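My request is simple: use the sequences and hints to build the entire structure.
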Amino acid sequence: MNKGDFRGFKQVFLFEFMTGIKKTSFKVFLLILCAMAFFVSPILILIGNMHGDKDSGNGKKEKSSIESVYVYDETDLLIDYDLLRKKALYKEVSFIKDNKMSYEDASAKLKEDSNHNNLVIKTEYDKKNGFDVTIVTSKKSDIKDSELTKFQKDYSDFYRAEVLKNLDVSKNDYEYLSKDINVEVMTSSKNGTFAKESKGISMDDYFIMIAGLMVVFMLINMSASNVATSIATEKSSRVIEFLLTGTRPLALLLGKISARLLETLITTVAVYSSYYLSQIFCLILEADNLPASGTQGEIMAVASIWETITISKLLIAVVYFLAGLILFSIIGALTGASVSKLDELQDAFKTYSFFLVACVYVDMFLIIMMLRSADFGFFQNFCAICPITGAFITPALVLTGKISTMTGFFALMVIIITVVVVYIFAAAVYESMLLYQGKRLKIKDVVTLMKKQVVE
Amino acid sequence: MSFEVKHLQKKFGDKQVVEDLSFELKEPGVYALLGTNGAGKSTSIRMILGILAKDHGEVLLDGEKFDTRKVNVGYLAEERGLYPKYPIMDQLLYFASLKGLSTDVAMERIKYWGERLKVTEYLFPERKKGKKVKKVTADQLSKGNQQKIQLMAALISDPQFLILDEPLSGLDPVNTELFKSVIHEEIDKKKYIIMSSHQMPVIEEFCEDITILNRGKVVVCGNLNEIKKSYGRVNLFVKCDEDINNIISELGIKVVNDTPAGIQLKVRDEQEAKNLMKRLNEENKTIVRFELRELSLHEIFLESVNGNVEDSQKLSSEDMMEEKVSE
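For the protein sequence lines, the chains are A and B, in the order given.
Position one of the first sequence corresponds to residue 1 (the working numbering), numbered consecutively onward.
Position one of the second sequence corresponds to residue 1001 (the working numbering), numbered consecutively onward.
It should be emphasised that the hints constitute simulated quantities derived from the structure, not laboratory data.
Since the model is a prediction, treat every value here as computed from it, not as a measurement.
Errors might be hidden in some of the hints.
Unchecked claim - No farther apart than 20 Å at their CA atoms in a straight line, the calculated lysine-lysine pairs in the PhoX-like style are these:
id : chain 1 : residue 1 : chain 2 : residue 2
1  : A       : Lys341    : B       : Lys1085
2  : A       : Lys442    : A       : Lys350
3  : A       : Lys111    : A       : Lys122
4  : A       : Lys341    : B       : Lys1143
5  : A       : Lys22     : B       : Lys1135
6  : A       : Lys179    : A       : Lys153
7  : A       : Lys27     : B       : Lys1135
8  : B       : Lys1011   : A       : Lys439
To be verified - Now the in silico label distances, taken between C-beta atoms and shown as ranges:
id : chain 1 : residue 1 : chain 2 : residue 2 : range
9  : B       : Glu1027   : A       : Asp445    : 40 to 50 Å
10 : B       : Gly1038   : A       : Phe6      : 31 to 41 Å
11 : B       : Asp1158   : A       : Ile280    : 52 to 62 Å
12 : B       : Pro1173   : A       : Ala427    : 25 to 35 Å
13 : A       : Lys444    : B       : Glu1079   : 22 to 32 Å
14 : A       : Phe6      : B       : Glu1079   : 21 to 31 Å
15 : B       : Glu1079   : A       : Phe281    : 46 to 56 Å
As the list claims (entries may be wrong) - Computed footprint of chain A on chain B; a stretch qualifies when at least three of its residues, placed anywhere within it, have a C-beta under 8 Å from a C-beta of chain A:
id : stretch
16 : 1066-1080
17 : 1088-1099
The beta-carbon is built from N, C-alpha and C at its ideal position, and this holds for glycine as well.
Now the structure itself:
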């Protein structure tokens, strides 16, 4: 790039960037994304609070809406339900053991009863299956699902404690017995080293990866569409001829792509900053409740992902994301250059969008498969290394540690080489396409032009 | 400084769009490229500007490759182009910056050309009390005013070379005169100008040297006066109060057109015209009009493009009749 080209590139970049960020659509889009990033977590916490997901640890003594529980215990154990009533939540709940009605009658009556928030619990024991607890409630009752879920867990814990008490287990033994047993399966390699056998991703990881995929897809799509629209506008309005007298086509292309890159970087930084501020805000807002709330559990899950991030991973992910953005922007530029009128751009975008969505679907399939099993190593590596699918998912795979830093680095090299090759091929036809006026160029026309120009 | 275009050729697929175009500008002035639609004028201009690759040939400035990124060139494209939704002031500043102008210099020139072309109100809209100044975008301008902004974009860098592709097409008479005066100013500034146009009187007004292209081929090329001389003075317009058709047929002169405004004849040479004048005098006819003139550029153009002298002359005579009526 000589001095004149650099001047052209700089001026195109500045003009495109300034006009880009001045656009109302950009401002609105940025505002919506930042607002979403900032408000989603606090709103989830508020919703969680409204559903009564938190009941302890915050000092509040909430009352359960359950009025009476009819207990049918078919085991021989002595269960002291008053102990459950010691919990503030169930303080006012009556546990009725000596009900004169049979379990079936009580259940049937309960189903018709709409005036009271009552439950019927039947507990059985068989040697094969262990304890079976059935909780029956009326469809018409006001007891919320979240409250029932909480009661289910509390009852299960309480019953386990009572069982152990019946077996004369001391307090120390009880503590010992109540500890979890964590089992980890390791696989050994030929050289004698052990590696942790990977499991499928957790639900939290799944949602985070899907959300990440969607955000990256949106940013790449937006950037490539902007480049394509800008080129199609210049072709359609014939400004391109004037621009080309002072600027080389590739300097023009580089200027446009760089402006879109900077716009996307600004968007990304703004969104992540909003999200980070939102997390701080949530922590301040609910500092005391962190361990109890399910919503906050999600915050912790996000935070736990960040724990695996290292500088090298972050660097690979950022550079990879930018390379992916450049790759799809070049393809977007060719799409824009393939039309002569702005009206035709929508048609040209059909093929481009199909290609883009197909790549994202492949990545989405991988994430869904990862949720079910970890046995997709080859497919995972393929998606990460293949640049057209990797552009959307590799940064997330690197950051979450689903692929090694080495694989990430290899994938980065592959996408950089791809970008260079695509740029060289695009450069061969871009000039001719820019000045072409007529029917929309289809993929086969572009390929023919590419072959001709590159071979000649 | 000499500017040379040598043997330019361009093919689109199997179609030869430009075939061996050569011309030279040894000194500042206006060179005209003429041709019908699709003759290859705009393609030639794009090749000269380097925005379209040449199949063959070269464009030289003082013997070296002509590069628009190194030489200050202004270009007014045939297909006018502005960003429809962007403010015109921003666009002009952008175009100026691409030509290497600082913002201050660009603003000065925008002010000058804004006043000269009478578009200041759009470039510097007045601030209304209590309201934010709303910049004018290109799609808010009329076609003529958009054309003025484009001419400003071409002239903003005060280019040494000016390439004007159909500069006056679509303009009303007032703006045509305004554009003409600007082009005259640029000629006076000793600039090298290449112009293409369909309007022959415009070319005759500005250009000394021309090339006529027909389907990519150069059919006429050279100095306009010499070209005209080479065709000779063969157009004769005669009007008498009496009927003179018998004299014309006696002398064997070809009638091209006979209208109430007069008879248009095609003579073989000036002597044949003199013979007719002599006979009219001898016969005591009242001569209202007797005009012998060389072919107009319009006629030369039509003849070279169609190869049909009579048709071209007939059209030309109609023009002459119109001129007569208007007089």
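request  = Run the structure past the numbered hints and jot down the numbers of the failing ones, going up.
outcome  = Number 12 only.
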